[in-house]
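**Q** So the chains spell out like this:
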Amino acid sequence: MTKDAQMIPPGWDYNPATWSQRIPIVILALIGVLIAGYLSLYQLELIDSVWEPFFGDGSVTILNSRISHILPIPDAALGAFGYLVDAVTGVIGGQGRWKKMPWIVIVFGLAVGPLGFVSVMLVVFQPVLFSAWCTLCLASAVISIAMIGPAMDEMLASLQYMQRVKRSEASTWKAFWGVQSEIEKVN
Amino acid sequence: MWARILNTILGLWVMVAPGIFNFSEAATDNGHIVGPVIVTFSVIAYWEATLSLRKWNYPLAVWLLLAPWILSYTNTIAIISDMTVGILVIIFASVSGDVKKSYGGGWASLWQKNPDHIQKAKN
Chain H
357 MTKDAQMIPP GWDYNPATWS QRIPIVILAL IGVLIAGYLS LYQLELIDSV
407 WEPFFGDGSV TILNSRISHI LPIPDAALGA FGYLVDAVTG VIGGQGRWKK
457 MPWIVIVFGL AVGPLGFVSV MLVVFQPVLF SAWCTLCLAS AVISIAMIGP
507 AMDEMLASLQ YMQRVKRSEA STWKAFWGVQ SEIEKVN
Chain W
42 MWARILNTIL GLWVMVAPGI FNFSEAATDN GHIVGPVIVT FSVIAYWEAT
92 LSLRKWNYPL AVWLLLAPWI LSYTNTIAII SDMTVGILVI IFASVSGDVK
142 KSYGGGWASL WQKNPDHIQK AKN
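Protein chains in written order, with the numbering used here: chain H, 357 to 543; chain W, 42 to 164.
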């Protein structure tokens, strides 16, 4: 009980790093891996067609566009990798990870938040450039957007923790990487 | 919450309206870019810890009021649609939500000299 109470950040009512907070985000990220993985199979020409119930040739147009192949690997594969990073950094660490391993929470927050936003925008600008829509690309954008809000509270707890570390005698660098002796110096 | 749901719907509207009414190219591109951003900010603001993102829709809404004149829209429906949505998004973005939990002073604490979470940590 007291251990649980210690895991609630000072000035908070709840612990943002509990499994019930994190598991839904990880599940969304895994669905993202599946969708983006499926689209990259098509882009890598491992499958011949792609599921598109609403927009006719839309998915084909977008997935074969010049922009989507501007990098050495297709953009959907990059997206799948991004979702995988979200899922992995969402799972690593226990329920006190906002203070015990701030680095993973901050990597998680950056991957889901700002990077997620950028990837949403890339998906969404496709109709501007190619006048076509792609159902599964939009589905993946919806997943990315839905992950941001619930992930940011944990990021905030870690950033506040790092703020307290900075004003303490503990080493900011070591606390960031979760060195036990430094963590114990700060609430 | 209702205000942010309405802004989400308005953002979706901005996204699909160009296709429904055959807006000119500039109006279409503008809707396809601004709509999804409004949707994104409104949805992120569903969660208490990121409620303040509702305000990020202000500049987008102001842009919707200006865009028809700056991009010289030719379609009357496009002008009316963007202007109306712009006004509505400003109104709904200004509606705050119930913040039931506390967050150690929230995001603003990161720039404050003596934020809530530091005071609480000393006790």
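I should point out that these hints are in silico values taken from the structure, not numbers from a laboratory.
Fair warning: this is a prediction, and the values are worked out from it, not measured in the lab.
Some hints here could point you the wrong way.
[Claimed, not checked] Examples of chain W residues toward chain H, derived with CB under 7 angstroms:
no.: 1; residue: Thr81
no.: 2; residue: Ala90
no.: 3; residue: Ser113
no.: 4; residue: Lys142
no.: 5; residue: Gly145
no.: 6; residue: Leu151
no.: 7; residue: Gln153
no.: 8; residue: Lys154
Each residue gets a CB set at the ideal place from its N, CA and C atoms; glycine is no exception.
**Q** If a hint holds in the structure, say so; if it doesn't, say that too.
**A** Taking the hints in turn, this is what the structure says about them:
The closest approach between the C-beta of Thr81/W and any C-beta of chain H is roughly 5 angstroms, which is under the 7 angstroms cut-off, so the hint is satisfied. At a threshold of 7 angstroms, the smallest CB-CB gap from Ala90/W to chain H is about 4 angstroms, leaving the interface hint in force. A hinted interface residue such as Ser113/W counts as satisfied when its beta carbon comes closer than 7 angstroms to some beta carbon of chain H; here the least separation is about 18 angstroms, so the hint is violated. Among the interface hints, the one on Lys142/W holds; its C-beta lies about 4 angstroms from the nearest C-beta in chain H, closer than the 7 angstroms criterion.
The restraint placing Gly145/W at the interface with chain H holds, with a minimum CB-CB distance near 3 angstroms, inside the 7 angstroms limit. Interface restraint check: Leu151/W against chain H, minimum CB-CB distance 6 angstroms, threshold 7 angstroms, status holds. With a cut of 7 angstroms, the hint placing Gln153/W at the interface with chain H is violated, because the nearest CB-to-CB distance is about 9 angstroms. Look at Lys154/W: its Cβ only gets to about 10 angstroms from chain H, farther than 7 angstroms, so that hint breaks.
Hint compliance for this structure: hints 3, 7, 8 are not met, and every other hint is.
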